[in-house]
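Kindly produce the complete structure, drawing on both the sequences and the hints.
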Amino acid sequence: MTTAEATLERAEERHWSAARLASAAAMAAWAALFWWLLATGRSFLYLSDRTDWVVPMGAIILTVAVAGRLWSARGPRPEPLKRSDAWRLGGIVLPVVLTVALPPASLGSYAAGRRSSFVSSGYTSTAADIESGQLSLVDVAGALRSREAMQALVNRAGQEVSFVGFVARDSGMPADEFMLSRFLVSCCVADALSIQVRVVGAPPGELAEDDWVRVTGAFYPLGREVIVDASEVEPVPRPKRPYLNP
Amino acid sequence: MAQVAVRGPRDASWANAGMVLAALGGIALLMQLLDPGRVAEVQNFLLVFSSLLIEAVPFVLLGAVVSAAIEVFVPNRLFERLTDLPRPLQLPAAAMTGFAFPVCECGSVPVARRLAAKGLTPAAAVTFMLAAPILNPVVIASTFVAYRGRDTLWPMVLGRAGLGLVTAVAVGWVVANKSKAELLRPRPGDHDHDHGDATRGTAFFGHLAGDFLFMGRYLVLGAVVAAALQTFVPQSVIGSVAGTPVVALVAMMALAFVLSLCSESDAFVAASFVQFGPGAQLAFLVFGPMVDTKLGFLYSATFTRGFFRTVVVAVGAVTLAGTLWIEVLVG
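Chains as they are written, first to last, in our numbering: chain Y, 345 to 590; chain P, 817 to 1147.
Each hint can be trusted.
The list that follows gives simulated cross-link-like pairs (lysine to any residue, SDA-like), each with its CA atoms no further than 25 Å apart:
id	chain 1	residue 1	chain 2	residue 2
1	P	Lys934	P	Val990
2	Y	Lys426	P	Asp827
3	P	Lys994	P	Arg903
4	Y	Lys426	P	Leu1037
5	Y	Lys584	P	Asp851
6	Y	Lys584	P	Phe861
7	Y	Lys426	P	Ala844
8	P	Lys934	P	Leu901
9	Y	Lys584	P	Gln848
Just so you know, the hints here were simulated from the structure itself, not pulled from any lab data.
All figures in this text were calculated on a predicted structure; none of them were measured in a lab.
What follows is the structure in structure tokens.
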């Protein structure tokens, strides 16, 4: 081998770069999270129906980015993984670990108490929606927003409703009352707005906070509140999609 | 983290990766043993933290894709031509470009940085960055849907777009005398993205990974702060000032800062604050996409010290003045 050939061979020698492989691994962790959310259906614990398309989009683009990073992970010289860079990448992967390790959960009574001042939202039912058909918690939110919608709800006072939500209690509430609560999520949990109705006539001592129940009974709008006089309170599992969507 | 065999400092790389993997494994084990979800505050924090990231990461990634594509595939001369525009037109033109960029605020930061690095005037890049999350068609449509059926529909939709444009141009004007070196924070690794072997494909994926991981770590920090504020500061604290002029506007801007919502969803939340007038709701909708907790971290990572303060003051002042006028006109 001549000197020129040896020089050329050295120039063409390719080294796996530890730094590039580590960055590919960090992105792969996020790609895996998005595929996992897609496979388990847990994206609905974090996002609304409107925005859950970001999960497959994130999964696909991240997978392509990981493949591209691996494809380009060999360079003309070794690039070691520095300790500081390793910790930075660890910080990026940490949310993946926390999300996967947290048992499936949705916002509950703690959040309902912190967000309860603003019960109406901009995409709820109108008076026309409320006038007929089965009433939902979204209709209640709509009624609390506009006078016309509230009048439409008042016109149906005394009719039987069936709402699914979780139990939340205000301090000082009688034992046979609770607030049936549900969150309305537009994009992600960060923008959740609570909808609550007061349930009276519930069996005392049988329900704990955050238990999911189906309440059936007659409803009565009263001022800025809707009251359901329960004829039946039935425990139910948390719905697959715990948040209401626009 | 790296499963790698390299020459030289191979052992150090393995040791560093192993240490971080062990730490992450330890945290996962602790989560399983302690089940922190049993504590309502911790569960609330983790849910908000994860949801902010799950929603924002794909957009940051999209921003990194666009940024890398600009770096690798768009010739510098294109930006030089843009800088040939008469100066008074540059900033409005940059803001109007936002109409064609349907990505919320997390995605626009890496793109703006890349545009400035490629030769667009820094002021125009900043104007684009601030305007795009408000002027893009998805955000305009979501604002329309959120206020549909209300008397204030058009004041809110047009007011948001108009005031957003004016505010973005105003901030661009404020930073117009700053050079690229004065405005952009030098980033470690800016000049060593896979150099020496850069085919276009290699360079593209190198820039993509570099931008995504760099912005990603600041996004994580921003999400930590935003989730903590959402968990421990009840929204009702601002309800008491709803009827107080000026204070209500400032309170809604503060709330937008704390909540760190995506600009594509914030109109639905703003519309729910029925006890606040249209001016205060508009303040929330204009201020939030330009200044919030997670953006604070992204700006600090991207721009030099003082930039975030400048943006807070300039955006706050213009938003306040603009929404006061709108309150007078339609309130």
